[in-house]
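If you read the sequences in order, they're chains A and B.
Residue numbers in the first sequence follow this note's numbering, run continuously in steps of one, and reach 504 at the last position.
Residue numbers in the second sequence follow this note's numbering, run continuously in steps of one, and reach 815 at the last position.
Please keep in mind that the hints were generated in silico from the structure rather than gathered at the bench.
Given the structure is predicted, the values throughout are model-derived calculations rather than measurements.
Incorrect hints may have been included.
[Said to hold, decoys possible] Cβ pair distances, simulated, as ranges:
#1 A:P499 to B:A603: 54 to 62 angstroms
#2 A:A490 to B:Q715: 20 to 28 angstroms
#3 A:G343 to B:R720: 15 to 23 angstroms
#4 A:Q377 to B:Q715: 16 to 24 angstroms
#5 B:H708 to A:D200: 30 to 38 angstroms
#6 B:S643 to A:D85: 17 to 25 angstroms
#7 B:R720 to A:S158: 55 to 63 angstroms
#8 B:A646 to A:G214: 36 to 44 angstroms
#9 B:S726 to A:V403: 48 to 56 angstroms
#10 B:D639 to A:N250: 57 to 65 angstroms
#11 B:S726 to A:Q49: 54 to 62 angstroms
#12 B:G656 to A:D85: 21 to 29 angstroms
#13 A:N250 to B:G584: 53 to 61 angstroms
#14 A:H221 to B:D639: 31 to 39 angstroms
[What the hints assert, rightly or not] In silico negatives: residues of chain A with every beta carbon more than 12 angstroms from chain B:
#15 S40
#16 G152
#17 G318
#18 P443
Just so you know, even glycine gets a beta-carbon here, dropped at the ideal spot from N, CA and C.
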Amino acid sequence: MRWRTTITITALATGLVACQPQPVGTVSGQARQADTGGSAAGDFGPPQGDPVQAVLTSAPDVPPPVDRDYPAKVIVDMEVRELDMEISEGVTYTFWTFGGTVPGSFIRIRQGDTVEFHLKNHPDSKMPHNIDLHAVTGPGGGATSSFTAPGHEAVFSFKALNHGLFVYHCATAPVGMHVANGMYGLILVEPPEGLPPVDKEFYVMQGEFYTVGKYREKGHQPFDMQKAIEENATYVLFNGSEGAMVGENAIKANVGDSVRLFVGNGGPNLVSSFHVIGEIFDKAFYEGGTRYQENVQTTLIPAGGSAMTEFRLEVPGTFIIVDHSIFRAFNKGALGMLKVDGEDNLSVYSGKEVDNVYLGDKVMAEDLSIVSDVTQAELTGSATKEQRISAGRVLYNGTCSVCHQQNGEGLEGVFPPLANSDYLLADTRRAIEIVLNGLAGPVTVNDSPFNSVMPPMSQLNDDEIANILTFTLNNWGNEGDVVSPAEVAEIRAATERPQGAAE
Amino acid sequence: MSLSVSLGQYSVANEFVHIPGGEFRSVIPEGEDDNLVAVADFLMQEAPVTNAEFMRFVLHHPEWQRSRAVSLFVDDQYLSTWAGSIYLGSELGPQQPVTQVSWFAAAAYCEWQDARLPSWYEWEYVAAANDSMADARELPGWRQHILSWYSQAGGHRIGDVRSRPSNYYHIFDAHGLVWEWVDDFNSFLVSGDNREQGGADELQFCGAGAISMEEKENYAVLMRVAMLSALEARYTTRNLGFRCARQGEISQ
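The following block holds chain A by itself, in its conformation from the complex (with noise of 0.2 angstroms):
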């Protein structure tokens, strides 16, 4: 008893860290830290009490703390779905899920619960699937003892001897297939303790896809098994789609709030270096473990592991969470936000927003659909030239008016015009050129000389520089052609990209 009084009381001493001046966990060079005791000091005893039906909770949702003080039996039953979902505006992806969702449901219990594992494959399933909890002490996480054909389920039962945040996924063959498809989430085994209580506490899980077709393609994207084996991502996401966690599907809190994320990495292949922009972690418990490091701007997540973290708001804005390995968030769409409301507080913070400024060529915009309308209606034969403007507005504010501004008139002597530009105006196939190729030296556009360098932008499909140039065409009082897809398809064949570019 002394023993586990001991361990509770260094568990909580960890929790009052701004009373304590040598935190749990910061190299001090004296006598060593007490440890928690691992799975030895992990079994309570047989379950007390009534069996308890285990509360799952979807991304961003986390279950409400266990608030037990003893060890239970806790039932979960998790069912295995293979469903077409979105993965990104107009592009449908075949998930594999527990629960429905990618990722899986949340699983909240208490150290030294006996979890009995209900597994239940769809009947619509192709696949059989299995699970491998990195909560559970035996034999392949449970996988071995989970294995499930379509139509049938599987009970195993597991005692979780170790606290600390922990991912599951599927092990079937092939595992890296069945990571790839969505099948992952968290189980959280809580300290006997529990966790301090905080405001707000979601659940992010990042992982990555890998499609035939090119990031944001439209249609029905199979899964590319060589793309996977390269570690190629297509898409690297937090919540299973782009729209997850963005616009109307941010995560929400009020300043003052004192905020704790779960998170997660499913992977398959790779790392996280997860941040949170404008906000400082407090505490980071890295690989989602017992101890905690202060003051981080960026932490690691392994593929297969989780972190918490914990902070602490001040101020009102959007806060962007990424995958702090840059290129992912802006061109693979590892991006979410954090919306807080309530009072300034200037002296902390005093500028205003200017969203589609700092983010670069990464559109901001709340509402895509209109995008993905246009590309349907292209698939029918029916996009109309209002359609492709309406949709280029929402791309140009996001990528092209960084330098042609909103207004279309470029920055003098820097950035030309497109408004009113003879330049642009006089030569269609010229300016689809420009966008795919970029340009580099003297210009001169309405009687102005420019020389400047305009990248390529390339990395934007066919059906994205349509809807620019035919935005940019007939906006600010142009009266120019339409440009289709195909013409833009056409070029993109028949010219070379600058070396460096993307295809």
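With chain A held as given, fit chain B onto it using these hints.
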């Protein structure tokens, strides 16, 4: 008992096609050293057994009708997609492959046809072909074609047999329609967790040096092995059917 179905409207000819034997590289090694397997000449039905064909069977063998089948041999989803014991219903087509059938039911059907279920090696040998080559597994197109079936969720209506061209052996629907029972599905001593390393005398589908993830052309087949090893002989599933095979040469 009145027959609520007119048999004349259902075509039930499912030819046994001659498959010339040969050697090929299997995902399941026979021995320790190489994974070359020899397959003798045999006969295989050109298409999966259809609802119509299976209906004929249960009319001749009422002990295999859904209402009467012994629970030792089938699970409670046996023929659950049929509207009745001897009635398909309006949702199902006679030319769709029969599914929700157990290994026991499939084996009984084949016995009724003086046939048997194919072995794993026979199935794998035939399924390695595309429309023009006996072994197309090196071709990227072959791989992607197989994987595209897995890229669709399973709730869609299963197509009719023979909807797509047959392969080099004149076999239809080796891929892309339903999983199929094989006679020795249970002989894979495969652990449900494919990351385990087994002993030398165990068939491990990702061990024994035979399979590495570089052998991408075997990738789709690995999933099939995983599927079969998740099953027990009395199980039925919505995407699992079968076809029959016979020994030896076709007699003309």
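According to the definition I'm using, a residue is off the interface if its beta carbon is farther than 12 angstroms from all beta carbons of the partner; does G318 (chain A) meet that for chain B? holds, 39 angstroms
Quick check for students: does the CB of G152 (chain A) sit more than 12 angstroms from each CB in chain B? violated, 5 angstroms
Is the gap between the beta carbons of S726 (chain B) and Q49 (chain A) within 54 to 62 angstroms? For S726 (chain B) and Q49 (chain A) the Cβ distance comes to about 59 angstroms; the hint holds.
Within 30 to 38 angstroms or not, the Cβ separation of H708 (chain B) and D200 (chain A)? Cβ of H708 (chain B) to Cβ of D200 (chain A): about 52 angstroms, so the range 30 to 38 angstroms is violated.
Holds or violated: 55 to 63 angstroms for the Cβ distance of R720 (chain B) and S158 (chain A)? With Cβ atoms ~39 angstroms apart, the hint is violated.
The hint says 20 to 28 angstroms between A490 (chain A) and Q715 (chain B); measuring C-beta to C-beta, is that right? Cβ of A490 (chain A) to Cβ of Q715 (chain B): about 27 angstroms, so the range 20 to 28 angstroms holds.
Should the hint that H221 (chain A) and D639 (chain B) are 31 to 39 angstroms apart at their CB atoms be regarded as holding? holds, 34 angstroms
Verify the CB-CB distance for N250 (chain A) and G584 (chain B) against the hinted window 53 to 61 angstroms. At 58 angstroms between Cβs, range holds.
Within 21 to 29 angstroms: is that where the Cβ-Cβ distance between G656 (chain B) and D85 (chain A) falls? The hint (21 to 29 angstroms, Cβ to Cβ) holds, given that G656 (chain B) and D85 (chain A) are roughly 23 angstroms apart.
Minimum C-beta separation from S40 (chain A) to chain B exceeding 12 angstroms: can you confirm that? About 21 angstroms separates S40 (chain A) from the closest Cβ of chain B, which puts it past 12 angstroms; holds.
Take the C-beta atom of A646 (chain B) and the C-beta atom of G214 (chain A), compute their distance, and say whether it sits inside 36 to 44 angstroms. holds, 40 angstroms
Assuming the hint says 17 to 25 angstroms, is it satisfied by the Cβ distance from S643 (chain B) to D85 (chain A) or not? holds, 23 angstroms
Of the numbered hints given earlier, the model fails hints 3, 5, 7, 10 and 16; all others are met.
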